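Visitor: Each chain, written out:
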Amino acid sequence: MKFLSRVVPGLFLAAVTAAALSGPAAAKVAKPAKAAPLTDANIAAIVLAANTIDIDNAQVALKTSADESVKSFAQMMVTDHTSVNDKAKALAGKLKLTPVPNAASRGLLKSTATKRAGMAKLTGGAFDKAYLDNEISYHQAVIDMLDQQLVPGAKNAELKDLLTSVRPAFIAHLDKAKSTRAALKD
Amino acid sequence: MALAAAVASLSLATAIALGAAGCGARPATQHHALHIVTAHQVAFQPPVVNAAPGDTIEWRNRDLVPHTVSARQNEWDSGNLPPDSNWRFVPTTAGTFAYFCRYHTTMAGTLTVVRAR
Numbered sequence: 001m002k003f004l005s006r007v008v009p010g011l012f013l014a015a016v017t018a019a020a021l022s023g024p025a026a027a028k029v030a031k032p033a034k035a036a037p038l039t040d041a042n043i044a045a046i047v048l049a050a051n052t053i054d055i056d057n058a059q060v061a062l063k064t065s066a067d068e069s070v071k072s073f074a075q076m077m078v079t080d081h082t083s084v085n086d087k088a089k090a091l092a093g094k095l096k097l098t099p100v101p102n103a104a105s106r107g108l109l110k111s112t113a114t115k116r117a118g119m120a121k122l123t124g125g126a127f128d129k130a131y132l133d134n135e136i137s138y139h140q141a142v143i144d145m146l147d148q149q150l151v152p153g154a155k156n157a158e159l160k161d162l163l164t165s166v167r168p169a170f171i172a173h174l175d176k177a178k179s180t181r182a183a184l185k186d
Numbered sequence: 001m002a003l004a005a006a007v008a009s010l011s012l013a014t015a016i017a018l019g020a021a022g023c024g025a026r027p028a029t030q031h032h033a034l035h036i037v038t039a040h041q042v043a044f045q046p047p048v049v050n051a052a053p054g055d056t057i058e059w060r061n062r063d064l065v066p067h068t069v070s071a072r073q074n075e076w077d078s079g080n081l082p083p084d085s086n087w088r089f090v091p092t093t094a095g096t097f098a099y100f101c102r103y104h105t106t107m108a109g110t111l112t113v114v115r116a117r
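Those protein sequence lines, which keep their order, are chains A and B. Numbered by the numbering used here, the letters in the first sequence go through residues 1 to 186 in order. Numbered by the numbering used here, the letters in the second sequence go through residues 1 to 117 in order.
Isolated chain A (complex conformation) (with noise of 0.2 angstroms):
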């Protein structure tokens, strides 16, 4: 469960290879005065991998869940994160940015599939709390990537007021997760 969050902070602290994926000791592994900065390019790519995730991530939710509370937070998902990648991909194309997949972008999805069809296996009260647990840890993770990473690597004003704009819905995201899981009966 605590995969994705100790991989993430890995990924976008240091801009790690794909030898970070392989397990915990991503951050030991990683080199941050060797990383390569991000460009705004790598920064898109990076916005809209981490989006796409958490909207596929809603639909398993979807089809799986029978709680109507995670799935009304799955749904909030999907209807925020698409409306963000919508304004990112208007963004990119504005300022005739593309979006440069990395190995932190490739990382992301990489890692998240494998998570996610491991979610898939579970069902009912379990799958509930793995999805919680997983969109909580996700958000905290993302969030924090935004305030290192992201936000200050950002070269374009308009970029950064994006990254920036959005991290409030991110943080409403994560108190929601929070709340819904903890009216999960364990």
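These are calculated hints, taken from the structure and not from any lab test. There could be a bad hint or two in this list.
Said to hold, decoys possible - To give an idea of the chain B side of the interface with chain A (calculated C-beta under 7 angstroms), a few residues: (1) T38; (2) V42; (3) P46; (4) N50; (5) L64; (6) V65; (7) Y103.
Bear in mind that the values here come from a model prediction, so they are computed numbers and not experimental data. Virtual Cβ for every residue (Gly too), placed ideally from N, Cα, C.
With chain A held as given, fit chain B onto it using these hints.
Guide: The following block gives chain B in isolation, referenced to the frame of chain A:
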């Protein structure tokens, strides 16, 4: 904040009142104010609006995500308000209306409607 609140409350009546009735008092009839509330970064700004019956309150979603403007007692509801869209409401009765976003329930505001003297 005071400046923001003042700017946000754009009185349609003011310009007319300045020319026709002098400034200071709200015109007794016909002229109503336009109050603008912006939804941005998952918050309503200003969070409190004081209006009179017949005034128009316009909510502008300038956020990256959809919102709703929903009275807690279900008196009125904007429905889905996508980014870059607006919704107007004209209260006809006095009262205090707490409202929130159904999607992001920490977003909250208050509309107070008081009859002009």
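Visitor: Please go over all the hints and tell whether each is borne out by the structure.
Guide: Against the structure, the hints:
1. T38: violated, 12 angstroms
2. V42: holds, 4 angstroms
3. P46: violated, 17 angstroms
4. N50: violated, 26 angstroms
5. L64: holds, 5 angstroms
6. V65: holds, 4 angstroms
7. Y103: Status holds, d = 6 angstroms.
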